[in-house]
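Novice: Take a look at the letters that make up each chain.
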Amino acid sequence: MTLTWSLIIVVGALLLAPLVGGVLRGLDRKLTARLQGRMGPPLAQPFYDFGKLVGKSHSVSSRASVAWAWAYFLLTLTAFTLFFLGQDLLVVFFILAFAGGALAFGAFSTRSPYARLGANRELLQMLAYEPILLLAAVAIYFQTGKFTVHSVLEAGEPLLLYLPLVFVAVLVALGIKMRKSPFDIAASEHAHQELVRGVYTEYSGRHLALIEIAHWYELVLLLAFIALFWAQPLWVGVLIALGAFFLEIWIDNIAARLRWSWMVGASWGVGITFIVANLVLLSVLA
Amino acid sequence: MGFLKRARVKSPWILHYCTGGCNGCDIEILACLTPLYDVERFGMLNIGNPKHADILLITGPVNWKNRDVLKRLYDQTPDPKVVVAVGVCAATGGVFHNCVNTLGGVDKVIPVDVYVRGCAARPEAIIDGVVLALQKLEQKNSGGVAYATGTR
Amino acid sequence: MSGELLVSSLVLLPVAVALCCLALRCVSGQKALLLTAMAVLMAAAVALALRVLSEGPLVYSPAAAWDNVIAVLDYLIIGYFLYIGFTSRNSLVLGFGAVLAVLLPVVQFGVLGGHAVAAVPVFHVDVLSIIMCLVITVVGGLIVLYATDYMPAHEAHLKLERTRRPQFFFWFVLFLGVMNGLVFADSLLWLFFFWEVTTLCCYHLIRHDLNEEAKANALRALWMNLVGSVAMVAAIGLAYTNVGTVSIQELISGGAGLVLLPIALLCLTGFTKAAQVPFQSWLLGAMVAPTPVSALLHSSTMVKAGVYLVLRLAPGYADTSLSLLVAVFGAFVFMVTSLLAIGQNISKRVLAYSTIANLGLIICCAGINTDLAIAAGIALIIFHAVSKGMLFMAVGVAEQQIGSRDIEDMDGLAARSPVLTIAAVIGMLSMLFLPFGVAFAKWAAIEAAGAQAGWFIAVVTLLAIGSAATLVFWCKWLGRMLGGSAPASKEQKPFLAYGSVLLLMAGAVVLSIFVAPLMTVLIQPALSGMGYGQAFDLAGWHLSTAFGFFPPWALFLALAVAVLLPALAARGHRKELDPVYLCGANVDGPELRFTGIAGEPVQAATGGAYWTQWFGEGRLTPISNWSALLLLTALFAGVILA
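Chains as they are written, first to last, in the numbering used here: chain A, 1 to 286; chain H, 287 to 438; chain R, 439 to 1080.
Since the hints were made in silico from the structure, they are not lab data. One or more of the hints may lead you astray.
[Stated by the list, open to error] Every beta carbon over 10 angstroms from chain H, so not counted as near; a handful from chain A, in silico: (1) S59; (2) A64; (3) E157; (4) F167; (5) V236; (6) L242; (7) L247; (8) L285.
[As the list claims (entries may be wrong)] Straight-line distance between alpha carbons at most 16 angstroms, and here's what the computed EDC-like set of lysine to aspartate or glutamate pairs gives: (9) R:K597 x R:D647; (10) H:K357 x R:D1016; (11) H:K394 x H:D354; (12) A:K30 x H:D324; (13) H:K357 x R:D1026; (14) H:K426 x H:D365; (15) H:K291 x H:D365; (16) H:K422 x H:D365; (17) H:K357 x H:D393; (18) H:K351 x R:E1038; (19) A:K30 x A:E189; (20) H:K394 x H:D361.
[Stated by the list, open to error] Cβ-Cβ distance ranges computed for the label pairs, FRET-style: (21) R:I1035 x H:V417: 37 to 45 angstroms; (22) R:G892 x A:G243: 31 to 39 angstroms; (23) R:L1067 x A:G269: 21 to 29 angstroms; (24) A:G269 x H:N387: 53 to 61 angstroms; (25) R:L1079 x A:L285: 56 to 64 angstroms; (26) R:E651 x H:D354: 49 to 57 angstroms; (27) A:W5 x H:V417: 48 to 56 angstroms; (28) A:L161 x R:S1065: 32 to 40 angstroms; (29) A:E157 x R:G892: 18 to 26 angstroms; (30) R:F1032 x A:H192: 22 to 30 angstroms; (31) H:V386 x A:A44: 46 to 54 angstroms; (32) R:L491 x A:R259: 30 to 38 angstroms.
Where a beta carbon is used, it is the ideal one built from N, C-alpha and C, also for glycine.
Between the sequences and the hints, there should be enough to build the whole structure, so can you do that?
Specialist: In structure tokens, the structure reads:
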């Protein structure tokens, strides 16, 4: 892959991701509404939300939290760029972990009890999904011989055929990162509240818009990672990613929010054991 | 700028606060969120945080204890914002009018943009009032305030 | 300056300075002496490094008379330990001391015959030794200077009538010389001597404050380290019986199956010194000592002696089941101590558990035993020593400012001591996140373990869980320090204390940015000296392996834009701050208060979360100890039966 081509892909992804992310969120709300027997907002609703937030005056209760909100956004962008440049997956996930940490620090640096409690629970969420993502990267190494995104695109056969259990584990991690029930422990989606608004409580106006758009980038990044599980041809992977997205929405509407200990237990119990089992089977059968 | 103004109207987030009435209007407000009335189709969300809210839906006649709370919630809501007083109690004190423990309406504490009558106010009227509030929201920050036709 | 002179002075000069410290009482005299001495030591270490890097390993044996001095001193020290055990009525110290007192002469005269030592070089100074020496003199030197500011304040706090600083600095500076000797040693008998003296220094430094808790913990440290000493003496005997040498270099180049049992015993010695599970309680107990002790002995240097030994022996057990079990053991300790750290609210205990975890990670790297893993292990030694030493010092200063070691009391430290908090925040970020060095080493370790496949799947799983756990306890501590309103008084900044902290912080950042040149200059040569190949392709100052890629300076550029720029921009934001959302019940004023019952203002405070019913020691320590014992049994069973 030449340098120009890589740059074109990265810039294209950076420009398109907010649009794709917003449309996906709109689909999310529409589908949720329909599943609940309602009409639901228009598909472009997330863009209206974003526009409204940008146009609102903001209240700042802590200057440091504004800096951390920017750090969260820019670090997510860094991870996003690294992914679409075809870089090392472990590095991408570690930078994403830094971004998650920045979000927690932003909440901690206000004095709001809601934000701080939300930040603690945010850390527990990271405890739940981080091992799954790291082990998934190792599993991809097992199959392709390298840790990079590039190697998956160049591999001969789709990953899903050899890593089905890893795929299921990554779906669990997706649910936690998308903040969908039963894993919306730290801060929930718009229609629900958790500790008022959890880590987002003290943000408003354009800073909240910044976090929102960072979430869109993160969503596109995660779905792109899931699409990697069938990269030959890539459009099948995209369909699988969309399927995973809709599966999460469906689960969100039938599940209730449970305790954090259940979340960590379930994600480790299902996620880690599935990945280890998959790797053992690969070693034994290969 | 046109998109931003339009977005303001298309994405109104609500802060719902009850200042001590009988909760009848609150039940009707919550009914608006149900599938039968579904205000989310207008982009409305019941946000519990004033810092994220655009529309303040206030019910109840306001008493001595929560008038400071109401004032602070109003102050903590960033501009542009509108206040909708739902129910007769929020407008004039309603059935608690002239009681010693109530102030007699939301506009005794904060400026109100729209009054929704009823005891309890019906969901259709509440939705009507919120739509009117959205028109006012559009007017805010551009100097003018206009009344929609048909209101008294 | 000849290499031999440098080696001798690096070992003996601290001894001389330590003796001078016994005589000095005034603070400024101590500062002047120690400032000069540390500068000279650092210069000597750099000179030795340049000599070894350009001319190859330095082999040096002092006059044969020194062997007899060492032998006599060995018995004096063991006798002193028995005396301690007797006077404190501590049966464990007495028991292990007695075993040692019997075993050492049996090995020395029975097995070795008293003359075998002459054939073996005493010091073999290669690049790994000088990396350790640089860490000891530079990081250790800065911590000594920090102590010259910390100890007077510490004694004022304790309201001591008669200063005990002379004794403190005697043991403290003596320790530096002994550590240097330890990392230079090739003869196992000399290694044993230096090992014992570090145990002696550790004992006296832990019990420095002379309260009941300090004395009890010093005794616990003593007996646990004696376990390691017994293992070392047994290893020396077995090494001579099986392979016919007491030289480490010859031991690791042997490769025969019989060499594994002495190596396994030496690894056990390393595990006890590094306070691995189930020996972790001595390090946790050692936190009662004054903070410079914790910074120097219990994070940067003495515990590194344990992992240095395991790493040094790595070529000797490459591609064996011992290697796999060492890796599993190290990864297990990493995971379990990281989980335990989540439930701790005393700052120094969190740092202690984190230290044990990182030591476990280094041991795991030694066990994975590939070029990449050993490079990661050596890098981790350097980066961890710098960052952790700095964090201990910062926590010590914070403790003196707020009068408490509890993380709960560090709420709002950012407002009270902004410079200290920024240093501590950068220190914690450097321990936790890419692209800083410690996380880089963790990345390399996970890739190296994954690349090994097979049974190493277990190692990767343990590392992944441990990595997630480190996120939790660092982030919530970091968060606890942020926030708060403007302070009443200005931040007091004692020069040497703050200077050391900020210098090490800068060191952590600079070393992380320049990790590629660090690899070229120090770590890759150390690898080739140990018989490994090139770990990384360093084109363009990126680090690429056959299966992974890490671009440090590009990531730092991204970090500067992502974190530094917004932080600087936020400072200029002189807007009036809005009140926090407290359901509208805020009470006006600088403090965070809300209207409570009967209209009274109530202070709003949020406690930290420790989830002790899940991560508390009561729940996790018994399981961890038993599992670790099981792993160690498997380790030895594998060696004996193979």
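Novice: Is the distance from the Cβ of E157 of chain A to the Cβ of G892 of chain R consistent with 18 to 26 angstroms?
Specialist: With Cβ atoms ~22 angstroms apart, the hint holds.
Novice: Within 16 angstroms, alpha carbon to alpha carbon, are K597 of chain R and D647 of chain R?
Specialist: Holds: K597 of chain R and D647 of chain R sit about 12 angstroms apart, inside 16 angstroms.
Novice: Do the alpha carbons of K357 of chain H and D393 of chain H lie within 16 angstroms of each other, as the hint requires?
Specialist: Judged against 16 angstroms, a Cα distance of about 11 angstroms means the pair holds.
Novice: Does E157 of chain A clear chain H by more than 10 angstroms, comparing its Cβ with all Cβ atoms of that chain?
Specialist: Per Cβ check, E157 of chain A is outside 10 angstroms of chain H; nearest 44 angstroms; holds.
Novice: Falls inside 31 to 39 angstroms, the C-beta gap from G892 of chain R to G243 of chain A?
Specialist: Roughly 34 angstroms apart at Cβ, these two residues keep to the hinted range, so it holds.
Novice: Does 48 to 56 angstroms hold as the CB distance between W5 of chain A and V417 of chain H, or does it fail?
Specialist: At roughly 51 angstroms between Cβ atoms, V417 of chain H and W5 of chain A fall inside 48 to 56 angstroms, so the hint holds.
Novice: Holds or violated: K291 of chain H and D365 of chain H, Cα atoms, limit 16 angstroms.
Specialist: holds (13 angstroms)
Novice: Between the alpha carbons of K422 of chain H and D365 of chain H, is the straight-line distance 16 angstroms or under?
Specialist: holds (13 angstroms)
Novice: Take the C-beta atom of V386 of chain H and the C-beta atom of A44 of chain A, compute their distance, and say whether it sits inside 46 to 54 angstroms.
Specialist: For A44 of chain A against V386 of chain H, whose Cβ atoms are near 51 angstroms apart, the range 46 to 54 angstroms holds.
Novice: Looking only at beta-carbon atoms, does the pair E651 of chain R, D354 of chain H fall within the given range of 49 to 57 angstroms?
Specialist: holds (50 angstroms)
Novice: So the hint says 21 to 29 angstroms: do the beta-carbon atoms of L1067 of chain R and G269 of chain A match that?
Specialist: holds (26 angstroms)
Novice: Far enough from chain H: is every CB of that chain over 10 angstroms from the CB of L247 of chain A?
Specialist: holds (22 angstroms)
Comparing the model with each numbered hint stated earlier shows that hints 1, 25, 32 do not hold.
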